[in-house]
Each structure stands twice: as C-alpha cells, then as structure tokens.
Amino acid sequence: MSRAPISLADRLRALADLRPADDKTTAAVLAMLTPRDGHAEVRAAARRAALPTHAAPSRAPTLPPPTPAAPAPPPAVRPVTQPPLAPASTRLHPVARRTWAALAAPPAAAVRTFAGHGASPVRVPPPLLPAAQQRAVLSTLAAVPAPGTTIDIDALVAALAGGRLVARLPRHRRWSLHRGAQLLLDCSPALLPLAHDVQALCARLGRVVGEGRLEPLSFAGCPTRGAGAGERGSWPAWRPPPAGVPVLVVSDLGCAGPRVNADWAGADEWSRFADVACAAAVPLVALVPYPVRRVPAALARRLAVVPWDEDLSAARVRRILRDARIVVPR
Amino acid sequence: MLNYRKTHFDPARLRGFTRIDREGREDWSFDLGAKVDPRHFAVAEEAVLALNVALATKRPLLVSGEPGNGKTTLARVAALALGRVFYRQTVTSRLQASDLLASFDALRRLSDAQGGGAKTPQAYVVPGPLWWALAPVTAAQRGLSPVPELAPLIDPGVRRRLAAKAAVLLLDEIDKADPDVPNDLLEALDESRFTVPETGQRIEPESGRGRDGVLIVLTTNGERELPPAFLRRCVTLELPPPSEAWLVDIAQRRFGADSEHFGLPLYRQVALEMMDLRQRAADQGRRPPGTSEYVDAVLACRELLHESTLRAGDDVELLRILETVLAKGTAAAPLAGG
Chain H
1 MSRAPISLAD RLRALADLRP ADDKTTAAVL AMLTPRDGHA EVRAAARRAA LPTHAAPSRA
61 PTLPPPTPAA PAPPPAVRPV TQPPLAPAST RLHPVARRTW AALAAPPAAA VRTFAGHGAS
121 PVRVPPPLLP AAQQRAVLST LAAVPAPGTT IDIDALVAAL AGGRLVARLP RHRRWSLHRG
181 AQLLLDCSPA LLPLAHDVQA LCARLGRVVG EGRLEPLSFA GCPTRGAGAG ERGSWPAWRP
241 PPAGVPVLVV SDLGCAGPRV NADWAGADEW SRFADVACAA AVPLVALVPY PVRRVPAALA
301 RRLAVVPWDE DLSAARVRRI LRDARIVVPR
Chain D
331 MLNYRKTHFD PARLRGFTRI DREGREDWSF DLGAKVDPRH FAVAEEAVLA LNVALATKRP
391 LLVSGEPGNG KTTLARVAAL ALGRVFYRQT VTSRLQASDL LASFDALRRL SDAQGGGAKT
451 PQAYVVPGPL WWALAPVTAA QRGLSPVPEL APLIDPGVRR RLAAKAAVLL LDEIDKADPD
511 VPNDLLEALD ESRFTVPETG QRIEPESGRG RDGVLIVLTT NGERELPPAF LRRCVTLELP
571 PPSEAWLVDI AQRRFGADSE HFGLPLYRQV ALEMMDLRQR AADQGRRPPG TSEYVDAVLA
631 CRELLHESTL RAGDDVELLR ILETVLAKGT AAAPLAGG
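Chains H and D are the protein sequences, given in the same order.
Quick note on our numbering: the first sequence kicks off at 1 and runs consecutively.
Quick note on our numbering: the second sequence kicks off at 331 and runs consecutively.
Hints listed in this document are in silico derivations from the structure and should not be mistaken for laboratory results.
Cβ coordinates follow ideal geometry from the N, Cα and C atoms, glycine included.
Careful, some of the hints might be misleading.
[To be verified] Straight-line C-alpha distance at most 25 Å; calculated DSS-like pairs for lysine-lysine:
id	chain 1	residue 1	chain 2	residue 2
1	D	Lys336	D	Lys388
2	H	Lys24	D	Lys388
3	H	Lys24	D	Lys449
[Said to hold, decoys possible] Covered stretches of chain D (in silico footprint by chain H; criterion: 3 or more residues with CB under 8 Å from a CB of chain H, positions within the stretch not fixed):
id	stretch
4	373 to 382
5	431 to 438
6	441 to 448
7	459 to 470
8	577 to 587
9	621 to 628
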C-alpha cells in the first residue's frame, strides 16, 4: 500500500523535531508541508493569458458585444441578483448554456468595477472542463504515440516464429508529450460564450505540455484563412508544424452556422484544412463544444472530434483518439 | 531570520570538511560529480529549513525556482554536509520510470541467445539510480543473490567517506519527464521498495538506506505542471529569485573582496546591470539571467578586463562583456551606457 500524502502527522513531526521558536518560522515550516494549489496557479495564469484582440467582424454578430467600461459605481454596492433567464436544463449544449448565462449575468464592466472596489468577486462561470479532470484530459489530448525503450518481446517472438525477417525491432509504444503541440484557437463569435474556458484551457495546456513546447495561435473561422499569435490583421497563412507534432483545434467547426458566426467556415473549407494537416503528417484533434453528430460526417472522418462538455474524461478522449486515425510518424 | 533547531542539516557543519594539504594550506575543493566548494555556495535560510523539514518528515524535497538559481548545487551541498553518498539522474523527456528503477537489456539477451550463450535473466538487468540509492549491494549484483559468473557492477554514487551509509538522490528537472513518470514513481518513492518485472524480484531497502537513509531531492524549472498526487507527497521549496545583495555575497564568497577594482565595485556593477536585464527580460516575457550567469559574468570581467580600464571609469568593454554573457538575446536594446 502506498504511503499517504502529507498529513497532520507530518506537520506535527516536523514541528516537534525542529521546534520553531516563533510564529514566522512555524508558518514557514507549515507552508513547506502544504501542497501547492495547482488550480490557483492555473487561475492566475489564465488571468494573465490574454487572447488576441478581436477585430471587428465583417458582419454584425448575433451575440451581444462586450459592454464598454462604465464609470466607477459608488462603493456601497447592492447585491447582484440574477434574473431567471438561464434555463435549468443541463441538456443544452455548452454554447447555448453559456449564451444564456452571459445574457442573464450583469454587464461585465459593472462586475469588473464591483470587483475593483472589493465588494464582490468577478463572476466567472464554473469551468466547462471540471478542474479535477483538466490535467488528465489535456495531457491525453496532446499526447502522441512514441516508440518506447522496451522491446515488444511478444511481437518479436511472433515475427521470428512466423519466419519473418525482423528489419526493425518492435518496441512497446507509449503516449508522450515530448513533441509539444500547436494550439489553434478559434476567436470567431461562435466561441465568444466560452472565452473564459478557452483562456483557461490555453493557460493550463501550456503548463501541462510545457510553455516552450506549446505554440498557441488564433484564427477566425478556419485556420486556412490565416493563423497567428498577434493582432488579427497580422496573421500569416497557417503552416502545419513539423511532422508528428499534434495540432489541437478549439473551434465549433462551423456547427454554429453562418447566422451566429460572422466568420463561419463551411465543411468544405475545414476538410481542406484537415487534408493539409494529414499531408503534413500531423495528428489533428478538434475540441468542439457541440455534440459530435452536429459535425458533418465527411469532416468527422478526417480528424478526431472530441466533444467539449462537462462529461469529458481522459478515458473518453483516449477512446476517441484510438478510434480516429491518428497519424504516427516513423 | 528563521529560528529553530537545525537538527538534521546545518550549513555550519560544512566547515568541518576543510582539509589541510601537504603544504599546510586549506583545501576546500571537493569533487561531487562536479566541483563543489562549500565556501562558494550560499545556502538560503529557506533552503536550510526545507532540508530540515524533509529530513524530519522523511519526505522527498521538491525544489522549484528559476534555472541557474542553485537548485542542483543545493542537493550536492546537502550530500556534502550530511556526509552522504550522492547519486544524480538528469531527467529527459524520453525518460521513463523504469529507467530510474531497473531496465532490462532484452537486445543483448536476444543476441546472446542467438549465439547460444544466454545467461540467467539477472545478467541483463541494469539497475537505475533509485535502486542504487536504496540498495547498493543488490544493485551491484543485479538482484537479490550474487551470480558467480557475473562481475559486480561499480556503485556510481560519489562519496567523500567510504563509510558513508545514507544517500542523497537528485532527480534533476523532473518536469521534463512525461506526466505519467512522477505518478509511476509514487510507490517506489513512498515505500522505498519496488519489483523488477523481468526477474520478479522484490527490491527492499538495505540497512542505512530506505526512507530514513535516502533523501530524495527533485528539482523543477516549472516547465510543466506536476501531478497533484505527486505534489501532495513532497515537501516543497521555492527558491526566491536572486537579489542584488545576494549576488554580491555570492561573488564575494567565490572571488573574494581583495582587489580594489575587481572586488566589490565590480560585483555591485555587474549585479546592478543584471537586475536591470532581469527586469527587461520579464517585460519581454523571456527567461531572465540567473545566478550562474552572474558568476560567469563576474569571472569573464575579472579575466578579460584590465584594472586600469575600470579605474578610468571606462564602461564600454565591461558592458560589451555583460551583453555577451548575461543578455543572450534578452535585451533588444543595448545595456545602459553601451
């Protein structure tokens, strides 16, 4: 049986052994025996991470644009009451639920101003991906199969027993993050209700894969129109990463439709993008906040579509990736 | 100032390691995988406390902080001060948990089998650093009992005293490993025992080793997040970023303060430039230069500059050197005055 995590007994043992003489030393000892709050770090990183500025879309989006900053309200703040606009049903897909929540919530500027006066914390909806699942899900999403160090004895024996010439030693494969990842974030209006989640996902993925190994790029509609890290107007044409580096796309893949999404891209455009990725031998995974059945079948066959909802787990991601044809570089 | 009983680790004990050479001079140098001179290393009081807490609770110590901030050297100095055997493994992205415990050379066994000279499976076991740290006798014989035809392996541990029993194991840059690796190590780190799958042998800690006798120090540059289950089992220490006074203190320890121009004024000027560069690097979102780069910069200035140049107050050459050693592409604009 494995030894338990650091507990009260450990803290007592340390204090009895070292006998700190003052409160400052006692606090320092206890701080070293308190596990760091990874989620707090991620929340802080998410606050720091900012998505690129949204340029004005060619057509007016259906969703309400962010309200400009209002003058500071008086310090005495009335309690924020939430009108019963948000439907109670949890069967709605995430975008619809977030849209309802955004409509029901008080204007963002007012909430920010309230928080600035210390009267009320910023109202951020609970994360779409449960905090406890985030790390496991993201590390599974960005992992690619890599040859391990151990030789696959069973495969080797089978080859020799079958009289086949063994030109390459078979090795057990393992899932690895060593290749890093390219993260393509759709900043079209269709993803606006999930802006908090997208920022948090970007920050968390950076910590899971490694900041230096993650290349986050933004695009609007479809990456074939251009993708980059800076302002929208400066995005160059999308280039696939080196072979074997997984590409993770966060987008609705056009599911929201042209009425909701001013930057809408159709299945044909997305299919062309998937073909370019396939030709470049990069594994392509799409995180889509809609049910998979909404994604056109022709497109769903070209890439691994992972539905982004509260039920997403590492095991489910693994099943989807296994069923999809992930390109494995030799 | 932290006030407590330094029951297990006290940097003052480092003084006891001074040797007198044949000519009657003090000899401080000590090779511990790399050259370590305890006089050059300033141990932050948080680090001393963390080592004491880790030793008191018998938990692994996870040290985080900026690269080049003395995390690795801290483990070396701990081994030196505690008089323990020192083992080190630098973690890479391809490293797996089995590499730290025991691996099996199946290819050599296959080759031997084809030539009709296959030996017992124990002959193909390669002990990892954790095995060496926990049980050096069984590691040397690759298993629980010696095999007559196998020559014992040489212990890779570095020690100052032959009689040293306990050990310090450094797993450097654990954040480079895939996320599963720290989780796969949980049992071995917690229980100080593991099984070699190819031989089925259960490796137990030897006398003087185990949780009491092996201090495991892990370092991370924070490149990747570590699993929560792993973090919950470690004593954590975050080394603070270097301050100007801290840097000057290190330079004084390392190079002395004897020279009028190559002494304190130089250390202060280099420290000042470095703090400025660190701020600019932070503004640009780049990695700031660390303590090791500061030491390199001071060394380069002492080696390459003429004292007359500094006396005349000519900073051009000095800044050029600092640009090369410290900036490394960090600064878009030249250093102040350059």
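Right, here's what the structure says about each hint:
Restraint check for D:Lys336 and D:Lys388: satisfied, since their Cα atoms lie roughly 15 Å apart, inside the 25 Å limit. Pair hint H:Lys24 plus D:Lys388 holds up; C-alpha atoms about 23 Å apart against a cutoff of 25 Å. Our distance criterion of 25 Å between C-alpha atoms is broken by H:Lys24 and D:Lys449, whose separation comes to about 60 Å. Three residues within the 8 Å Cβ limit are the bar, and the stretch 373 to 382 of chain D against chain H gives 4, so the coverage statement holds.
Proximity of the stretch 431 to 438 of chain D to chain H, defined as three or more residues with a beta carbon under 8 Å from a beta carbon of that chain, is established by the 4 residues found. Residue count for the stretch 441 to 448 of chain D with a Cβ under 8 Å from a Cβ of chain H: 0. That is fewer than the three needed, and the coverage hint is violated. Only residues whose beta carbon comes within less than 8 Å of a beta carbon in chain H count, and the stretch 459 to 470 of chain D has 0; fewer than three means the coverage is violated. For the stretch 577 to 587 of chain D, the assignment as covered by chain H is violated, since 0 residues bring a beta-carbon within under 8 Å of that chain's beta-carbons and 3 are needed.
With 0 residues bearing a CB less than 8 Å from a CB of chain H, the stretch 621 to 628 of chain D misses the requirement of three and the coverage assertion fails.
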